[in-house]
Amino acid sequence: PLSKPAQTQIYQIRFESVELFVNEGFKLSKYKYRNRSAATAAEIRIGIPASVLSENPDFYLDFFFRLLSRMIHFVLLISRQGKVRLTKWYSPYSQKERTKKVIRELGGVILNRGPKLCNFVDWRGFKVVYKRYASLYFCMCIDQDDNELEVLEIIHHFVEILDRYFGSVCELDLIFNFHKAYYILDELLLAGELQESSKKTVARLIAAQDSLVETAKEQASSISNIIAQATK
Amino acid sequence: MNPFSSGTRLRDMIRAIRSCKTAAEERAVVRKECAAIRAAISENDQDYRHRNLAKLMFIHMLGYPTHFGQMECLKLIASSGFPEKRIGYLGLMLLLDERQEVLMLVTNSLKQDLNHSNQYIIGLALCALGNICSAEMARDLAPEVERLLQFRDPNIRKKAALCSIRIIKKVPDLAENFINPAASLLREKHHGVLITGVQLCTDLCKVSSEALEYFREKCTEGLVKTLKDMANSPYAPEYDIAGITDPFLHIRLLKLLRILGQGDADASDCMNDILAQVATKIESNKNAGNAILYECVGTIMSIEDNGGLRVLAINILGRFLSNRDNNIRYVALNMLMKAITVDAQAVQRHRATILECVKDSDASIRKKALDLVYLLVNESNVKPLTKELIESLEASDQEFKGVLTAKICSLVEKFSPEKIWYIDQMLKVLSEAGNFVKDEVWHALIVVISNASDLHGYSVRALYRAFQTSTEQETLVRVAVWCIGEYGDMLVNNVGMLDIEEPITVTESDAVDALEVSIKRLNSDLTTKAMALIALLKLSSRFPSCSE
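Read top to bottom, the protein sequences are chains A and B. Residue 196 is where the first sequence starts when you use this note's numbering, and the numbers rise one by one after that. Residue 4 is where the second sequence starts when you use this note's numbering, and the numbers rise one by one after that.
If you're looking for bench data, these hints aren't it; they were derived computationally from the structure. One or more hints might be untrue.
To be verified - Okay, the calculated beta carbon distance ranges per label pair:
id	chain 1	residue 1	chain 2	residue 2	range
1	A	F361	B	V345	43 to 51 angstroms
2	B	R190	A	N420	46 to 54 angstroms
3	B	E46	A	S416	21 to 29 angstroms
4	A	E355	B	K231	26 to 34 angstroms
5	B	Q471	A	K295	46 to 54 angstroms
6	A	C365	B	R190	38 to 46 angstroms
7	B	M74	A	R299	27 to 35 angstroms
8	A	D405	B	A81	17 to 25 angstroms
9	A	N420	B	N111	25 to 33 angstroms
We put the beta carbon where it would ideally sit given N, CA and C, even for glycine.
All chains, full assembly: derive it from the sequences and hints.
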């Protein structure tokens with residue numbers, strides 16, 4: 196939260212003990228932080244001119260949220276032709292950043308990677324873990340200090356759940372039933388973190404919700420409803 | 004029947020769009036659909052609201068603007084039926100981001116849904132809140148989420164735990180409220196609740212030092228026990244991945260223990276046994292096992308020193324380094340870079356393998372290995388390391404040569420024990436990759452040569468020899484040309500021969516020819532030609548017989 200003390204022009208964001216101080220006369224410096232991998236980060240002061248910050252506080256809030264959060268920042272599924280099949284954003288990215296920076300730029304980088312290389316790409320200070328399954332690339336963006344091997348497992352976890360749900364899932368399934376793919380993802384990840392390690396549980400939860408939808412459909416087409424419609 | 008009435012099924016619209024052959028065709032189809040949907044929206048159509056939102060979401064994913072549909076999400080969320088809410092919340096998360104003011108209007112619906120009698124609806128609300136809420140919404144609804152941390156259904160508790168993470172990130176002041184409920188989650192048995200509860204505690208520690216102290220004091224032992232139980236657990240098919248029970252939970256526990264043990268000797272002591280057990284017992288033939296080992300190594304490196312554990316950790320990294328799997332090697336190099344600050348000696352022992360990685364076929368690995376080597380260089384190992392790096396230079400591709408050259412030059416300049424060694428190395432680099440050498444670097448070389456009067460003869464002879472074989476390297480030509488101009492007489496008369504040198508016969512006209520070649524060669528740019536001309540001028544005064 197951006198709080199502004201009355202007397203001086205100091206903006207303060209506290210997150211992971213990073214304090215962003217704005218003072219007159221400080222030169223704009225790129226974010227510099229000491230000991231970023233420490234669990235309890237020491238106070239880090241970064242000077243940004245007040246005028247710059249007040250022009251666009253949202254940008255800086257977003258920027259630092261992304262920088263300092265350890266989480267999955269976004270999930271991206273793209274086809275070999277670069278078509279987007281699913282995107283989920285857990286960190287703040289503006290619409291423009293989403294299309295230009297991420298989808299186009301990152302998509303380009305990943306689609307150009309050769310086949311036998313490792314599944315990790317350094318991108319704009321972050322790390323993107325990707326894995327190709329048939330014609331689709333599953334990508335998840337994490338931090339430099341995060342466990343990329345685990346994220347590979349998370350991707351595989353997601354793919355296996357999709358596979359069980361659709362029965363040998365293929366790209367067409369994800370195109371025509373994109374909303375269902377999202378429902379499944381929402382049972383797997385929340386706020387950029389893993390939500391459930393049991394595939395069985397995820398399947399059960401999805402089945403229960405699907406059945407609620409079925410029941411509602413049946414009720415809608417039940418006799419009483421038809422009568423109600425006819426007499427409208 | 005008109006296929007583009009508001010009655011088009013989602014499936015049919017998708018088919019229609021996919022069958023378009025050109026971008027213009029697609030735009031036309033989308034435009035028609037959007038028009039129909041807009042009309043339905045302005046008529047407040049109830050029947051097709053659900054389907055229209057689904058269509059809008061698909062259109063949004065294609066990259067078209069769909070903000071006119073945002074209010075529809077709100078209307079669906081406000082409906083009473085589960086299917087409507089489900090698609091409404093999905094639409095909300097897809098079409099909006101937290102910067103839209105429209106989002107605030109959902110706060111009331113969210114509040115009601117967080118109190119709904121249908122737990123799946125509570126789940127939908129928690130999901131939306133946890134993924135896109137703004138700071139104000141977080142503040143407003145935090146008490147509801149806090150309450151749900153103790154809900155009867157574990158699936159709700161786990162969603163509430165992750166939702167709480169977003170709340171404390173957006174409003175760190177609220178962190179204190181979540182400490183106690185989070186601690187109770189750690190005592191549960193349900194895996195989903197455990198992994199989310201552990202994650203919540205981890206993030207609480209980052210935001211609040213009060214939380215860190217609390218968990219450290221009250222929960223470390225319990226967490227160690229939970230990890231022990233996981234490590235010793237019998238086969239559990241529901242959570243088994245590659246023979247390990249719930250690797251995700253293993254990893255999250257290790258992450259939290261790392262934070263608790265860091266900077267605290269008692270907490271670190273408490274976890275030594277289990278860390279040793281994990282490090283030695285987990286099988287590393289599958290990715291899941293390696294992911295756990297990787298996390299374990301990270302934890303060992305961060306907590307207070309226990310000599311035995313550190314050695315164990317570095318050994319694991321050493322094994323990772325020789326693994327055939329690219330991912331494992333990449334990860335090992337990454338971790339070793341951090342391990343240097345903790346135990347540089349141990350990392351030095353793996354120098355040979357790291358140097359192998361500099362020649363790897365994977366660009367990501369080469370780069371990481373090079374960064375690591377750079378950090379490993381010191382006065383005592385600079386000579387063998389530079390030798391290896393220069394060898395890699397010969398085998399590397401154009402893209403990598405630039406980076407590698409820069410690093411070698413930097414190292415050589417920083418750590419050079421003697422001038423003659425520096426000159427030798429620079430010569431090799433210039434011969435192999437002169438075109439990648441920056442101006443400041445070869446200028447510096449010239450300065451060093453001119454300041455080393457005892458090496459003038461050596462330098463000019465060595466450069467002359469190199470020049471014979473590597474004329475495609477522009478900077479080599481320039482340095483050679485400068486030297487020949489300055490010290491041509493030493494070249495011709497073998498002045499200042501060192502013990503290690505072999506005599507070389509170069510006549511005055513040979514020297515002049517060399518300069519002529521430099522001017523005439525096709526690739527020579529203006530700088531080179533100019534330098535060669537100046538050199539010729541210098542020689543003309545020293546070699547009067549060759550004046551023509």
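Going down the list of hints, with the structure as the test:
1. A:F361 to B:V345: 43 to 51 angstroms: 46 angstroms, holds
2. B:R190 to A:N420: 46 to 54 angstroms: 48 angstroms, holds
3. B:E46 to A:S416: 21 to 29 angstroms: Given about 23 angstroms between the Cβ atoms, the range holds.
4. A:E355 to B:K231: 26 to 34 angstroms: The hint (26 to 34 angstroms, Cβ to Cβ) holds, given that A:E355 and B:K231 are roughly 28 angstroms apart.
5. B:Q471 to A:K295: 46 to 54 angstroms: Holds, since B:Q471 and A:K295 (Cβ atoms, about 52 angstroms apart) stay within the stated range.
6. A:C365 to B:R190: 38 to 46 angstroms: With a Cβ separation near 43 angstroms, A:C365 and B:R190 satisfy 38 to 46 angstroms, so the hint holds.
7. B:M74 to A:R299: 27 to 35 angstroms: 29 angstroms, holds
8. A:D405 to B:A81: 17 to 25 angstroms: 23 angstroms, holds
9. A:N420 to B:N111: 25 to 33 angstroms: At roughly 29 angstroms between Cβ atoms, B:N111 and A:N420 fall inside 25 to 33 angstroms, so the hint holds.
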